[in-house]
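Peer 1: Letter by letter, the chains look like this.
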Amino acid sequence: MSKDLNEALKKFKELFPDQHKTLTDEMHALKKDAAYIEDDRQTIVQWEKDSKKLKNLTEYKSVQKLLDTLDERQPEKKAAKTFSSFTQKINQYLMKEEHYAQKANQYYQNDAQFQTDRTQSLFQRAAQIGSTKLKRSLIDKKASFDMKKDMVGDKAITTTEEVADKVSYAKGIIKETWNLTGKKVWDKGKELTNQFSAKFLEKEKQLSTKILREEIKASREGFVPSSKDGVVARSVVLATFKMTNSISKRFGKINEKAKEAFQYLHESGKNAQKKSQEKRLEERLARGTRYANPER
Amino acid sequence: MSNELNEEVLSDVLAALLAAFVQRLGVDKNNVNFDDEVKKLAKEDENLFSRALMDIHELLELELDYMPLTEFEKFSTVSDVAEYFYVELATKRGIL
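Sequence order for the protein chains is A and B. The first sequence begins at 771 in the numbering used here and counts up by one. The second sequence begins at 841 in the numbering used here and counts up by one.
Careful, some of the hints might be misleading.
[As the list claims (entries may be wrong)] Cβ-to-Cβ under 10 Å is the rule here; a few derived chain A residues that face chain B:
1) 784
2) 785
3) 788
4) 953
5) 955
6) 969
7) 972
8) 974
9) 987
10) 1000
11) 1001
12) 1051
13) 1055
[Unchecked claim] Computed cross-link-like contacts, DSS-like style, restricted to lysine-lysine with a CA-CA straight-line distance of at most 30 Å:
14) B:869 / A:1044
15) B:914 / A:791
16) B:869 / B:880
17) B:932 / B:879
18) B:869 / A:960
19) A:783 / B:879
20) B:869 / A:953
21) A:975 / B:879
22) B:869 / B:879
23) B:914 / B:869
24) B:932 / B:914
25) A:1049 / B:914
26) B:932 / A:980
27) B:869 / A:998
28) A:783 / B:869
29) A:975 / B:914
30) B:879 / A:1049
31) A:975 / A:953
[What the hints assert, rightly or not] Computed far set for chain B versus chain A, every beta-carbon distance over 12 Å:
32) 879
33) 891
34) 913
I should point out that these hints are in silico values taken from the structure, not numbers from a laboratory. Here the structure is a predicted model, which means the values were calculated and not measured. Glycine included, each C-beta is placed from N, C-alpha and C at the ideal position.
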């Protein structure tokens, strides 16, 4: 601060002591504010450099100019005027400061918007990448599935062909090698080699008896085996035949295990019983000896 | 794959076939030909014929692999029945 300004302020203090105090306080406050503003300015400059969003610093420069005017020589009588003007300028400054604050806020908002946009953009990009990946994955999976389907299809065709081959082969043998055409079943059965011919005759009799027995049993129960319901019911039984067999086998295994366990327990029990008997025998013998020789 | 027809399998099939046809369809066992049409033998009674085929399945311990009461579509002659059960039994016994 210049010498003249000090003198002007001294006069001002004499003439308007209260106002001088207020002005001094306000000046100190203003200096503090100026320091803060400088910090902010630096920050804003940095922001400007960084983001090139804040371009206009003229408002700030004008405030700086205002502060510089305090160094100029001013006559004592103009001190009050200067004070008034100074107050006005301070108000203007404060308004400018507010303007700066708004700018800063705007910058923050812009920055926030920028960040939001960026985030959104990133999100969209991520979604795009995700979508692409998903599409690729789906395409890969579909290709893999198609390949597997083709393989399964080929295998199914091969299996079907193999089965068809087997069946046609077997049929071919029956028809051509054994020439069933024009033959009687009974005669063909008897034509088998001695071993199987005898088996055929015996088996036919045995199976006929079995069917007959079941038929008699069914008729006693008021059941008509050849009725439609009977046929369907029986077909269900036949279709579950394999399952029943499988379950029986499983239970068979369980039973075997149970038998083994029971056998083991039985043997353990027998061993314990034997040991107990031996112990009792020893005791009896010991008692017998004692009785035989009471002095011991 | 065996090159020859298995006599044991054929013997079992023919025995079961005759037993079932004689007992269920009431035919004379001396007069069942391989070329006979099953519909005629069963006197057009599909229930009766189905039951006869089920008997054969049970006697040979085979499972059904077709819907019941579709037998007239599946089998035309006695020869068809013999072939079918031969293939089924031979497959079950691991011959085919």
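Peer 1: For which of the previously enumerated hints does the structure constitute a violation, in increasing order of number?
Peer 2: Hints 1, 2, 3, 9, 12, 13, 14, 15, 19, 25, 28, 30 and 33 are the ones this structure does not satisfy, whereas the remaining hints hold.
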